[in-house]
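2 protein chains.
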Amino acid sequence: QLNSTTSDPATLDTADSAESLLAESTVSCSPEIITDEFRAFQIYDCYLVVASDAGLEIIDQHALHERIMYEHLRTKILAGVVESQRLLIPETIECTAVQAAAVLEHSELMTQIGFDIQEFGGTTLLLHSFPVLIPRGSIVRIVLDFAEKLIQKDGRLSRRDLLDHMLHTMSCRAAIKSGQRLALEEMRELLRQRHLVQDSHHCPHGRPTALTLSRHTLDQQFGRLG
Amino acid sequence: QLNSTTSDPATLDTADSAESLLAESTVSCSPEIITDEFRAFQIYDCYLVVASDAGLEIIDQHALHERIMYEHLRTKILAGVVESQRLLIPETIECTAVQAAAVLEHSELMTQIGFDIQEFGGTTLLLHSFPVLIPRGSIVRIVLDFAEKLIQKDGRLSRRDLLDHMLHTMSCRAAIKSGQRLALEEMRELLRQRHLVQDSHHCPHGRPTALTLSRHTLDQQFGRLG
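Protein chains in written order, with this note's numbering: chain A, 2 to 227; chain B, 2 to 227.
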């Protein structure tokens, strides 16, 4: 659930560190160093297998990234600092008249989460800007998802819950997908960001992001404990 | 249990391939190649974590190596081809008079498993040769274990079961220990030998050698299946 206070110092601290981390866009390290320090690999282009202090962890790459994106967006929205990317040439979004009306009616909510969408007429919307955290290719799909959510839930959801739903949608669409092969540097970066978010054990939908096999569990499974 | 037929073609085939494999004593490969092709790492200096066709496997390094040693020794004994290392200067083994008597009484059994042990007098035995597969440092401990087993079980165990007990002891003592840090090349070699032994899922004592998490299991755990 969204926390509506913006002055929570812990939240703001997280925002700061997350921001400084994201600024380091490239991590360069030789394979030798990774082999030594960073014991992790990807399986099924879906899960990361990692040796950590907690034991052996298997991480759902999409669920974890979704949680990271969610926390990151949420922190920025609470702090009122969502960075938007302004388009030189606005993009048109084709939708139904009902969808267009729903989006325009909530234009203030859209602005708060980093979208500047204006009326173009009838079944077309004009996208002027979108949050920098969201990949350009996902934008139209996200706006249409929002429109559907607004139509379905409007009047039955508080503004805060609507915002939370939108955050979920954005996080899910913007996160690394299952089936995406990750480079070692990407795995490393994802795992590093993990420690910066609260509640990283579950994705925003409640699915676990990681399965941990502690030494005790392993020793038990292998009959090493008596 | 020991299989007393020596003409089993499957057993002999295994012996052949195992032998040719052991001949490749060094495996050279650069870390880059390992990182790409060979997705495995060690945790707690005890378990190997491996991506395989079966899924994610966690392997007890000692239990697996014990099973490999056991199968290897067993195959060689059945084929009557245990290679012995002859010592230029025989090693003395101090034990009790009862232990010495028990070992000497079963000298033919000892020969069959690769040991040449002679009487030296009283509480001392003379070791002339030992199986090449066994690390030199484990020999005295293994002979004393044998002596104890022979004293405890003699008359109550068949020759075949005695031999099997001895194989277990040798395999356990000769195998990589838990707590031993493995180089990537050693991990690679251990995992390669794994596919050459029958029944590699359990150590000779019945403990599992591997825990497998299939894609289906993982997808279930992560709520990816409906």
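Careful: at least some of the hints might be erroneous.
Identical chains blur together in the list; that is why a pair holds if it fits in one copy or across any two.
As the list claims (entries may be wrong) - Computed cross-link-like contacts, SDA-like style, restricted to lysine to any residue with a CA-CA straight-line distance of at most 25 angstroms:
#	residue 1	residue 2
1	K150	H206
2	K178	S53
3	K154	I44
4	K178	A52
5	K77	L158
6	K178	L226
7	K77	M188
8	K178	R40
9	K150	D117
10	K154	L183
11	K150	D46
12	K178	F39
13	K150	H217
14	K154	L214
15	K178	T125
16	K150	V99
17	K178	Q221
18	K150	I177
These are calculated hints, taken from the structure and not from any lab test.
Here is what the structure says about each hint:
In the homo-oligomer, the alpha carbons of K150 and H206 lie at most 25 angstroms apart inside one protomer (15 angstroms), although the nearest pairing across protomers, at 59 angstroms, exceeds that limit. Within a single copy, K178 and S53 get their C-alpha atoms as close as 23 angstroms, and across copies as close as 22 angstroms, so both meet the 25 angstroms cut-off. Proximity of K154 and I44 under a CA criterion of 25 angstroms is satisfied in neither setting, with 38 angstroms inside one chain copy and 48 angstroms between copies. When the C-alpha separation of K178 and A52 is checked against a cutoff of 25 angstroms, the pair qualifies both within a copy, at 22 angstroms, and between copies, at 20 angstroms.
For the homomeric pair K77 and L158, the shortest alpha-carbon distance inside one copy (22 angstroms) is at most 25 angstroms, but the shortest distance between copies (74 angstroms) is not. Only between protomers do K178 and L226 lie at most 25 angstroms apart by alpha-carbon distance; the minimum there is 16 angstroms, versus 39 angstroms within a single protomer. Proximity of K77 and M188 under a CA criterion of 25 angstroms is satisfied intra-copy only: 24 angstroms inside one chain copy versus 46 angstroms between copies. When the C-alpha separation of K178 and R40 is checked against a cutoff of 25 angstroms, the pair qualifies both within a copy, at 22 angstroms, and between copies, at 21 angstroms.
Taking the shortest alpha-carbon separations for K150 and D117, only the intra-copy value of 18 angstroms comes in at or below 25 angstroms, while the best inter-copy value is 82 angstroms. Proximity of K154 and L183 under a CA criterion of 25 angstroms is satisfied in neither setting, with 36 angstroms inside one chain copy and 57 angstroms between copies. Neither within a single protomer nor between protomers do K150 and D46 lie at most 25 angstroms apart by alpha-carbon distance, with minima of 30 angstroms and 51 angstroms respectively. Within a single copy, K178 and F39 get their C-alpha atoms as close as 22 angstroms, and across copies as close as 24 angstroms, so both meet the 25 angstroms cut-off.
Taking identical chains as interchangeable, the C-alpha atoms of K150 and H217 are never at most 25 angstroms apart, the minima being 45 angstroms within one chain and 32 angstroms between chains. Taking the shortest Cα distances, K154 and L214 never come within 25 angstroms of each other, neither inside one copy (40 angstroms) nor across copies (40 angstroms). For a Cα distance limit of 25 angstroms, the shortest separation of K178 from T125 qualifies neither inside one copy, at 29 angstroms, nor across copies, at 69 angstroms. In the homo-oligomer, the alpha carbons of K150 and V99 lie at most 25 angstroms apart inside one protomer (12 angstroms), although the nearest pairing across protomers, at 85 angstroms, exceeds that limit.
Proximity of K178 to Q221 under the C-alpha cut-off of 25 angstroms is restricted to the inter-copy arrangement: shortest distance 18 angstroms between copies versus 34 angstroms within a copy. Within a single copy, K150 and I177 get their C-alpha atoms as close as 22 angstroms, which meets the 25 angstroms cut-off; across copies the closest is 59 angstroms, which misses it.
Consistency note: the structure conflicts with the earlier hints numbered 3, 10, 11, 13, 14 and 15.
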